[in-house]
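Colleague: Just so you know, the sequences run in chain order A and B. Residue numbers for the first sequence follow the working numbering, so the first one is 470 and each next one is one higher. Residue numbers for the second sequence follow the working numbering, so the first one is 470 and each next one is one higher.
Read the hints as simulated data drawn from the structure, not as lab findings. Computed from a predicted model, the values in this text were never measured in an experiment. It cannot be assumed that every hint is accurate.
One copy or two, it doesn't matter: identical chains are merged, so the pair holds either way.
To be verified - Under the rule of at most 20 Å between Cα atoms (straight-line distance), these lysine to aspartate or glutamate pairs were calculated in the EDC-like manner: (1) Lys531 - Glu555; (2) Lys493 - Glu544; (3) Lys502 - Glu552; (4) Lys498 - Glu610; (5) Lys531 - Glu590; (6) Lys545 - Glu623.
2 protein chains.
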Amino acid sequence: MKAELVNPFILATKNVIETMASLKISPGKPYLKKEAVATGDVSSIVGMTGAKNGSFSLSFEKVVMLQIVSNMFGEKMTVLNDEVAEAAGEIVNMVSGQARQELETAGYLIDGAIPSVVTGENHEIRHISEGPKIAVPFSEESTGGHFTLEICFESE
Amino acid sequence: MKAELVNPFILATKNVIETMASLKISPGKPYLKKEAVATGDVSSIVGMTGAKNGSFSLSFEKVVMLQIVSNMFGEKMTVLNDEVAEAAGEIVNMVSGQARQELETAGYLIDGAIPSVVTGENHEIRHISEGPKIAVPFSEESTGGHFTLEICFESE
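One chain only, chain A, in its complex shape:
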């Protein structure tokens, strides 16, 4: 997959979470996944259609998601409830919007569906496509926790 398809999602993820939650997050090196499994305690998923069909997801460890939402709300959140899930959906929606705007500038007109948020300890997500799956690990400084960005577009 071309870097120009992936980089907008990395930048938007960093930008949205740092802006919304005043946290310092660091992307690791993107890698091509052999197996299509992301694990997490909270995941937000957005389907995409248009110039390229695909999907992307952000899968968070519970500790990171609770810290993000606590900072967004200015109130300590301790449980993965409706409010936290809504916030996870809001984040991925903003990442989707920013990344797709960047892709449009690069010539790819891509629509985003409404997000779905999955909660459940250590669930697994698979993007079902023959196309390559790119994963980008992120770490969050204050908690030392992690989350993973995954993107998959159909092959040409």
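We have chain A; now place chain B onto it with these hints.
Modeller: Same frame as chain A, but now just chain B:
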């Protein structure tokens, strides 16, 4: 939400699973969900864009999913592994295709993204939108197990 937007998904779900797995499944009465939570052990999710933005999901109890895939493969499957997840994705892709073809006939041109499949005992899925969420419970005869279809489209 208009029945003409929901019925194609109910019919396609029944049609695809009965055809692919030679099982008898029965849809229950669709209902409007107050809370946006579907629970299951395996869920397939497809984002949709176009005339209406939305998403739909099929959330299966483990026993039903394993029976469906065992029948599709002609081989007893006992674990929610990659093969089962791929099959769950294939099913939802076919439902998506059939339902959207029907919607096109009714004048709604809607694209489907690539499916995502979630595995993890008793996970929860929320469709993040202000629009109404419709759920349809299904039962499968041979196992007595259940699964749930959920559809959400953005409001007008």
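Colleague: Against this structure, judge whether each hint is valid.
Modeller: Structure-based check of each hint:
Proximity of lysine 531 to glutamate 555 under the C-alpha cut-off of 20 Å is restricted to the intra-copy arrangement: shortest distance 15 Å within a copy versus 27 Å between copies. For the identical chains of this complex, lysine 493 and glutamate 544 are intra-copy neighbours only, at 18 Å inside a copy versus 49 Å across copies, given an alpha-carbon limit of 20 Å. Taking CA atoms no more than 20 Å apart as the test, lysine 502 paired with glutamate 552 passes between copies only; the shortest distance there is 17 Å, against 32 Å inside one copy. In this assembly of identical chains, the alpha carbons of lysine 498 and glutamate 610 lie at most 20 Å apart only when taken from the same copy (17 Å versus 48 Å across copies).
In this assembly of identical chains, lysine 531 and glutamate 590 lie within 20 Å of each other by CA distance both inside one copy and across copies; the values are 8 Å within and 16 Å between. Proximity of lysine 545 to glutamate 623 under the C-alpha cut-off of 20 Å is found in neither arrangement, the shortest distances being 40 Å within a copy and 31 Å between copies.
The structure fails to meet hint 6 from the earlier list, while all remaining hints are met.
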